[in-house]
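Number of protein chains: 2
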Amino acid sequence: MNSRRNPASASKSVLPGVSPWRASRERLRDREVKRDAVIRAAAREFNRKGYHNTSLDDIAARLEVTKPTVYYYVTSKEQLLFECFVAGVEQIRAAFRDVRHLRVPARERLNAVLRHYGEAVASEFGWCMVRAEHQDLSPAMSRHIKSLKSEIDHGIRRLIREGVQDGSIGPCDPKMTAFALAGALNWIAHWYREDRSMSGAEIAEAFVAIFEGGLRPRGSTPQIARAPPRRRARGAMAR
Amino acid sequence: MNSRRNPASASKSVLPGVSPWRASRERLRDREVKRDAVIRAAAREFNRKGYHNTSLDDIAARLEVTKPTVYYYVTSKEQLLFECFVAGVEQIRAAFRDVRHLRVPARERLNAVLRHYGEAVASEFGWCMVRAEHQDLSPAMSRHIKSLKSEIDHGIRRLIREGVQDGSIGPCDPKMTAFALAGALNWIAHWYREDRSMSGAEIAEAFVAIFEGGLRPRGSTPQIARAPPRRRARGAMAR
Numbered sequence: 001m002n003s004r005r006n007p008a009s010a011s012k013s014v015l016p017g018v019s020p021w022r023a024s025r026e027r028l029r030d031r032e033v034k035r036d037a038v039i040r041a042a043a044r045e046f047n048r049k050g051y052h053n054t055s056l057d058d059i060a061a062r063l064e065v066t067k068p069t070v071y072y073y074v075t076s077k078e079q080l081l082f083e084c085f086v087a088g089v090e091q092i093r094a095a096f097r098d099v100r101h102l103r104v105p106a107r108e109r110l111n112a113v114l115r116h117y118g119e120a121v122a123s124e125f126g127w128c129m130v131r132a133e134h135q136d137l138s139p140a141m142s143r144h145i146k147s148l149k150s151e152i153d154h155g156i157r158r159l160i161r162e163g164v165q166d167g168s169i170g171p172c173d174p175k176m177t178a179f180a181l182a183g184a185l186n187w188i189a190h191w192y193r194e195d196r197s198m199s200g201a202e203i204a205e206a207f208v209a210i211f212e213g214g215l216r217p218r219g220s221t222p223q224i225a226r227a228p229p230r231r232r233a234r235g236a237m238a239r
Numbered sequence: 001m002n003s004r005r006n007p008a009s010a011s012k013s014v015l016p017g018v019s020p021w022r023a024s025r026e027r028l029r030d031r032e033v034k035r036d037a038v039i040r041a042a043a044r045e046f047n048r049k050g051y052h053n054t055s056l057d058d059i060a061a062r063l064e065v066t067k068p069t070v071y072y073y074v075t076s077k078e079q080l081l082f083e084c085f086v087a088g089v090e091q092i093r094a095a096f097r098d099v100r101h102l103r104v105p106a107r108e109r110l111n112a113v114l115r116h117y118g119e120a121v122a123s124e125f126g127w128c129m130v131r132a133e134h135q136d137l138s139p140a141m142s143r144h145i146k147s148l149k150s151e152i153d154h155g156i157r158r159l160i161r162e163g164v165q166d167g168s169i170g171p172c173d174p175k176m177t178a179f180a181l182a183g184a185l186n187w188i189a190h191w192y193r194e195d196r197s198m199s200g201a202e203i204a205e206a207f208v209a210i211f212e213g214g215l216r217p218r219g220s221t222p223q224i225a226r227a228p229p230r231r232r233a234r235g236a237m238a239r
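Protein sequence lines correspond, in order, to chains A and B. Start counting the first sequence at 1; every next residue gets the next number (the numbering used here). Start counting the second sequence at 1; every next residue gets the next number (the numbering used here).
Just so you know, the hints here were simulated from the structure itself, not pulled from any lab data. A portion of the hints provided could be inaccurate.
Repeated chains share a single entry, so a pair holds when one copy, or any two copies, can fit it.
Unchecked claim - Once the Cα atoms are required to be at most 27 Å apart in a straight line, the calculated DSSO-like pairs of lysine-lysine come out as:
| no. | residue 1 | residue 2 |
| --- | --- | --- |
| 1 | Lys67 | Lys49 |
| 2 | Lys67 | Lys175 |
| 3 | Lys49 | Lys34 |
| 4 | Lys77 | Lys34 |
| 5 | Lys34 | Lys175 |
| 6 | Lys49 | Lys77 |
| 7 | Lys149 | Lys49 |
| 8 | Lys149 | Lys67 |
| 9 | Lys146 | Lys67 |
| 10 | Lys175 | Lys77 |
| 11 | Lys77 | Lys146 |
None of these values were measured; they are calculated from a predicted model.
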């Protein structure tokens, strides 16, 4: 038996002065890095060919490994889609955590979250973030995805409500406004794959500027007086 | 032969004083009404079960007719999806035509189009409008859908540019702004099926109000001075 052992790993395991625990930590990190590569490769394949048209063989081929190697990191294609979804939404959840204790008006905290949201949707995980829910997933997976989306939706509504309270956001319907903001950002995943003339960060910044400014003429120009529908529209919002 | 003729239709065809051309027009109108019913039934089935999981048998069953009857009005399931798509986008195209010659600031014309856009997406055809492109369609059908979508996108950009020129819309990047507006509206199809607490018209009105007002505090309140990121964001937009 001894003669068949891999000499490299044998020498590694007896290296003097190196804790076997450290080696174990390194292996864990190595596994984490490789798992991450599998998830990114999956995201790229899903983007390119769609979820249903992508097989684990395709992902393995792209990574130049065998399918069993892929199975060492994830249990199924469905789990891969979920991991791609999570990789995207985790950027938004982290942004919520980051701004939670900032002592700035709620609109600034909201804008910081929206920037990360926009960047996440423009990332390689964007398509999975907005499309995962519409694939044929197990009921448990669907529920999990819905609950994570709902958490983000309610986080945005909460920041809008806080903004209305601290005066940094004008009076509005938090639910409708959250739908409008998230919709505009989610839609990035639909057009960004074909039009990459701006970086994800630039797009996110541009969208936050649009959300902030709206379509109204800037400043107190005479054009404001020429716009009766706005008042009517605002009335409808207050309902 | 004569004895086997349907007496009702025979008496109809010889009714004195009634032009056979009028009867022909009536038949055409009748066919149009029935074709419309087939398309609406298809839209409802696609909404409920998804395009791939819906068969022409399902649509026939919903209409209580046979599948050949459905084939009398459309040639394929793909054509039905296309007709549902067209039924939605035609509402937006009609809005563009309606406002073309109005002598009002471009923002008002844009808002009118966006209201119709929002109502169309909240209608039974909304799901087909935003999802048609992502089904397995023939290349010709895909191109047709893309070109109609592109026409609407460019129509919105044009109204934004005109608004910037006539001063009714503040300086902005027309392409990004059009993407943000259309994205927010398209996303209605994703949440409206589950949350019908407002009518389509109310949602459209609410969204136009959000687009107009943005997130900025209304009026010249002290909070405006507390918002440095807006200026930075606006700078990014001007690129």
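Verification of the supplied hints:
{"no.": "1", "hint": "Lys67 <-> Lys49", "in the structure": "within (18 Å within a copy, 33 Å between copies)"}
{"no.": "2", "hint": "Lys67 <-> Lys175", "in the structure": "neither (44 Å within a copy, 43 Å between copies)"}
{"no.": "3", "hint": "Lys49 <-> Lys34", "in the structure": "within (22 Å within a copy, 38 Å between copies)"}
{"no.": "4", "hint": "Lys77 <-> Lys34", "in the structure": "within (16 Å within a copy, 43 Å between copies)"}
{"no.": "5", "hint": "Lys34 <-> Lys175", "in the structure": "neither (40 Å within a copy, 39 Å between copies)"}
{"no.": "6", "hint": "Lys49 <-> Lys77", "in the structure": "both (14 Å within a copy, 23 Å between copies)"}
{"no.": "7", "hint": "Lys149 <-> Lys49", "in the structure": "both (24 Å within a copy, 22 Å between copies)"}
{"no.": "8", "hint": "Lys149 <-> Lys67", "in the structure": "neither (31 Å within a copy, 40 Å between copies)"}
{"no.": "9", "hint": "Lys146 <-> Lys67", "in the structure": "neither (30 Å within a copy, 36 Å between copies)"}
{"no.": "10", "hint": "Lys175 <-> Lys77", "in the structure": "neither (34 Å within a copy, 36 Å between copies)"}
{"no.": "11", "hint": "Lys77 <-> Lys146", "in the structure": "within (19 Å within a copy, 30 Å between copies)"}
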